[in-house]
Amino acid sequence: MNGQAAQGAWARWVGGTHVFYAVPLLALAIPLFANQYTQFVVNLMLVYVLVAVGFNLVLGNLGQLAFANTALFGIGAYTASMLMVHAGWPFWAVILPAGIVGAVAGFLASVTALRGIRNYYLAIVTLAFGELLRWIYIHGEAATGGTDGLAVPRADFFGIALDSETARFYVFLLIVTVIVKAVSNLLQSKIGRAIVAIRDNELATASLAIPTGRYIVLAFTLSGSIVGVAGSLFAVLIGHVAPESFGLIELILHFAMVLVGGLGSLFGSVLGAVALTALPEYFRRFPGLYEMFFGGLLIVFLLIQPRGLAALCAKWWPALRDRYFRDR
Amino acid sequence: MYFLQLTLSGLAQGAIYALVALSMCVVYRATTVVNFGHGDLVMAGAFVVYLLVVLAGMPFLVSAILAVALLFVLGLLIEVGLIERIKSGPHIGFALMCIAFGYVLRGIARAVWGREVLPMPRVFDLSPVMFGDLVVTADALVIFFAVGVLLMLFFGLFYRTSAGRIMQAVCQSERGAALVGINVPTFHGVMWGVGAALGAVGGVLVAPLTLLHPALGASFLIKGFAAMTLGGFGSLAGAVVGGLLLGVAEQWVGFYVSTKLIDITAYVVIILVLALRPNGLFGRAVAERV
Amino acid sequence: MKQSVHLLRVGIAILACALTTIASAAESTGVTDTTIKIGIMGPFSGNAASYSKAEIGLDAYYKWVNDQGGVNGRKIETVLEDYACDSAKGIAAVKKLIYQDKVFMLHGNSCSAVAMAIKPVVLEAGIPWVIAHAANGAISAPATKNIFHGVPVGKTMGMAMGRFIVTKPGAAKIAVIQHTDDWAKSYCGPAMEFLASKNIRPVVEVSFERGETDATAQTLKIKQANPDFVIACLYESETAIFLKDAKKFGLNAPVMGTAGTDLENTLKRVGDLDTVSNYYVPHMYADNLDGPRLKRFVEILKKYYPNESVTAFSLISMGSAAAVVEALKRSGRDLSREKFIAELDKIKDFDTGVLAGRITWTPADRDGVKEVAVAGFVNGKPAVLKAWGQPL
Chain A
0 MNGQAAQGAW
10 ARWVGGTHVF
20 YAVPLLALAI
30 PLFANQYTQF
40 VVNLMLVYVL
50 VAVGFNLVLG
60 NLGQLAFANT
70 ALFGIGAYTA
80 SMLMVHAGWP
90 FWAVILPAGI
100 VGAVAGFLAS
110 VTALRGIRNY
120 YLAIVTLAFG
130 ELLRWIYIHG
140 EAATGGTDGL
150 AVPRADFFGI
160 ALDSETARFY
170 VFLLIVTVIV
180 KAVSNLLQSK
190 IGRAIVAIRD
200 NELATASLAI
210 PTGRYIVLAF
220 TLSGSIVGVA
230 GSLFAVLIGH
240 VAPESFGLIE
250 LILHFAMVLV
260 GGLGSLFGSV
270 LGAVALTALP
280 EYFRRFPGLY
290 EMFFGGLLIV
300 FLLIQPRGLA
310 ALCAKWWPAL
320 RDRYFRDR
Chain B
0 MYFLQLTLSG
10 LAQGAIYALV
20 ALSMCVVYRA
30 TTVVNFGHGD
40 LVMAGAFVVY
50 LLVVLAGMPF
60 LVSAILAVAL
70 LFVLGLLIEV
80 GLIERIKSGP
90 HIGFALMCIA
100 FGYVLRGIAR
110 AVWGREVLPM
120 PRVFDLSPVM
130 FGDLVVTADA
140 LVIFFAVGVL
150 LMLFFGLFYR
160 TSAGRIMQAV
170 CQSERGAALV
180 GINVPTFHGV
190 MWGVGAALGA
200 VGGVLVAPLT
210 LLHPALGASF
220 LIKGFAAMTL
230 GGFGSLAGAV
240 VGGLLLGVAE
250 QWVGFYVSTK
260 LIDITAYVVI
270 ILVLALRPNG
280 LFGRAVAERV
Chain C
0 MKQSVHLLRV
10 GIAILACALT
20 TIASAAESTG
30 VTDTTIKIGI
40 MGPFSGNAAS
50 YSKAEIGLDA
60 YYKWVNDQGG
70 VNGRKIETVL
80 EDYACDSAKG
90 IAAVKKLIYQ
100 DKVFMLHGNS
110 CSAVAMAIKP
120 VVLEAGIPWV
130 IAHAANGAIS
140 APATKNIFHG
150 VPVGKTMGMA
160 MGRFIVTKPG
170 AAKIAVIQHT
180 DDWAKSYCGP
190 AMEFLASKNI
200 RPVVEVSFER
210 GETDATAQTL
220 KIKQANPDFV
230 IACLYESETA
240 IFLKDAKKFG
250 LNAPVMGTAG
260 TDLENTLKRV
270 GDLDTVSNYY
280 VPHMYADNLD
290 GPRLKRFVEI
300 LKKYYPNESV
310 TAFSLISMGS
320 AAAVVEALKR
330 SGRDLSREKF
340 IAELDKIKDF
350 DTGVLAGRIT
360 WTPADRDGVK
370 EVAVAGFVNG
380 KPAVLKAWGQ
390 PL
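Residue numbers (numbering that gives the first Met the number 0), protein chains in the order written: chain A, 0 to 327; chain B, 0 to 289; chain C, 0 to 391.
Do not rely on the hints blindly, as some may be mistaken.
Incomplete in silico selection of chain A near chain C, CB under 8 Å [to be verified]: (1) N34; (2) G148; (3) A150; (4) D199.
Calculated directly from the structure, the hints in this document are not laboratory data.
Because the structure is a prediction, the values reported are computed rather than measured.
The beta carbon of each residue, even a glycine, is placed where N, CA and C say it ideally should be.
Isolated chain A (complex conformation) (with noise of 0.2 Å):
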């Protein structure tokens, strides 16, 4: 009786939630089994993390199609690297303005949803805004650096220079935790509900005297404010922002990622992010292929696993079912 009472307390234990908590701590212990080049790759798959996460929530939670993800994501990056180039700001006075700017694009973005733009037309009309913030990177000579970029300097972290990959990891990893655990929270909220609501029937969530339009406009502010700081993360791993960096392009990485992950599952586009930034390390040798490889992994995986990894590692732990992931 006390043996399978023990036992059942034990299931609960790994099956719960908070055994995700043990990836961060797990993950402190990465610097000492990795060169620079390995550390590299970890520290951009935590980038990618928050841009999974961010990107999830308006593509997965909110059902959206949307394009602008590179752009909030270039947004981020440029306003942090122009604080710090221009103004000199510490790097960790820049995370939140970034995280603003991203907001604020996220908003002007999808603005035209309040009056009803839904959908596809919704999808071009940040697949333009996205194409226009990259203009004026181009064009912004003095301010943006223009198609040379900007040069980051050395970043400060309140008196700590990052300037190894070690240092920067730990940073990271500070901040993606913290941003996952509160999107976590997001999801569960009111908010996160409505998000998930608007998705999966419109008129119902509208009937509910629930301002559908405002909470679009709500997931995508809150989409570009995650997307913003990823990319002030990026402008410091990277050392260099460039308008080539944050084209369209990159956004297949960015709608893979999610998509492999799983669709609307938070566990996902950590699983999505992680997978797909070691994924292209590989390729780099075989022109051509990167496109390929990218291409068939979607269709392969919108024909035969379209709710992702996330899905799969689900039927072993049932912690991972997405409560809010529904076929439609």
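Once you have looked at the hints, place chains B and C on chain A.
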């Protein structure tokens, strides 16, 4: 002073945009799917023509017809093999699927043609025709002629023949059409084929003008969207008008304002139209009041 | 039970990966008894893929060197990495080469923006880096401990372009058409600076984006300004489109292009001599691409990459490769990075056989090649020119 010339060049460019927009609109009207990989189908058309002309040594006209036919088959296969399969999934799935196979096409093009920038040999070796100060190249003439004939054929088919009536029926109500005995899945496949073929014509026409590289498709996608948005989503005639207008607008903006703005004219058009008059010029209601 | 076994498996996998990483930290400078590892970064995919022909040429040259017996009993092992002209990929690639593949030196790079992005990483690692293609002089100047420029930089080319233009009698009004990217700026910028120093400023500047197929607005705008000379900093396709449109609309001013195009291929792309007869380009080579002095280099390329077509980029990096091989040979059997860098700094007036200019490197000046000529069509054939209307 150059107004007429700019307008003419703009119309020639716009004719290609019109074709791309029309082909996207056909697919959209028939299957309610917006093909985000359409630009890459246009690119595929151009590349197939190149292959046939340069590597197989066939004459241009034959290659063009073959390329269009091949793309028709490709469009059909994509619809039947990929799009139909995910009919039951979320709408986002369609968009992602289209983006995905567009990418695969691009990857194949890149893998086969790698680092090279491919020139098409001169197709029409006629010297330009001059109307006073106005220069009309053989290429522009061919584009106008081809697109004009195609549009007449297409609209004639759509509105006058029984095949066209079937198309209209399915566009209006899929269930109703099925009830009447129209084979809707086959129809979908065929319409994707038609869309791809039309796009291929655009690619074929553009191939002699520019040098081919795998990322050619991206800009056509945007221009196609802008044209569709301007003309009114879902309106076939609107797509054509939108395309022509866009081409002309680009030239005017480029000359009278700044050449730096040519690149973003399409984007500005999209944003302005959707913000101010979402229905475009001829479209039906787009904004959903919930 | 299932979950903990699963976790255990994951843990073992992580440990295994870690151990293999640590184990491979054996040879630290990229030199073994039989090999020298050289990391070659190039934009093999992406929008700038045609520029990776430079890195292909580089790889072919090193393979040829191996077939000739190698260097001091060692063969050169090349490690190619693609960065698609994207900074993020560039940083990943260079870190992989330095910290994972542990190469002896870096050679290559066609994209200036990415080169600037990875410069801090290379400086910190202290690994020798020879730029084989990218034109931005800021990569190697002011001189640092380990970075060398093996091709003429933008400033040199801009000056050659500008100097040629002023030799045209009556050249006073200049028009500029360029892409809005750093590549075009690396040519047009220095060219305009040189002309500005002679008090010649452009009467009209237009931009023509990559991927556009029609240059009507740009051509007409330029024609309206009636310039004496046009500077066109455009890639291969767009140059062809512009030249064709110029002919179409009767814009007859001579056009100065960049080293991104070559006369032979531009002629092929536009299809007729008339369109291209007024086109000039900066010329870095010792001969025309199909000339006798470059023949053996073309043969080297064709031997290892038979399907590769020869353009302006294909042979460019062989110049710095020849210098690198010379420095490696002079360093002797006891090879180290410090020794190698010292030998590179002793290279003086070195005739690479493929570049027109000779390479000279000193610790204070790493801008290796300072001579660039201009080429144009003379009697229907490409020829090198001393000044306007004066073949060599």
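Checklist line | Restraint satisfaction for A/G148 [CB to CB of chain C, less than 8 Å] | finding: This interface hint holds because 6 Å falls under the 8 Å limit.
Next item on the list: Could you check if A/A150 really has its C-beta closer than 8 Å to a C-beta on chain C?
Entry: holds (7 Å)
Note to self: Take the shortest C-beta to C-beta distance between A/D199 and chain C; is it under 8 Å?
What the structure shows: Violated, because the Cβ-Cβ distance from A/D199 to chain C comes to roughly 31 Å (cut-off 8 Å).
Notebook entry, point to check: If you take the shortest Cβ to Cβ gap from A/N34 to chain C, is it below 8 Å?
Noted result: Holds, because the Cβ-Cβ distance from A/N34 to chain C comes to roughly 5 Å (cut-off 8 Å).
When each numbered hint is compared with the structure, a violation occurs for hint 4 only.
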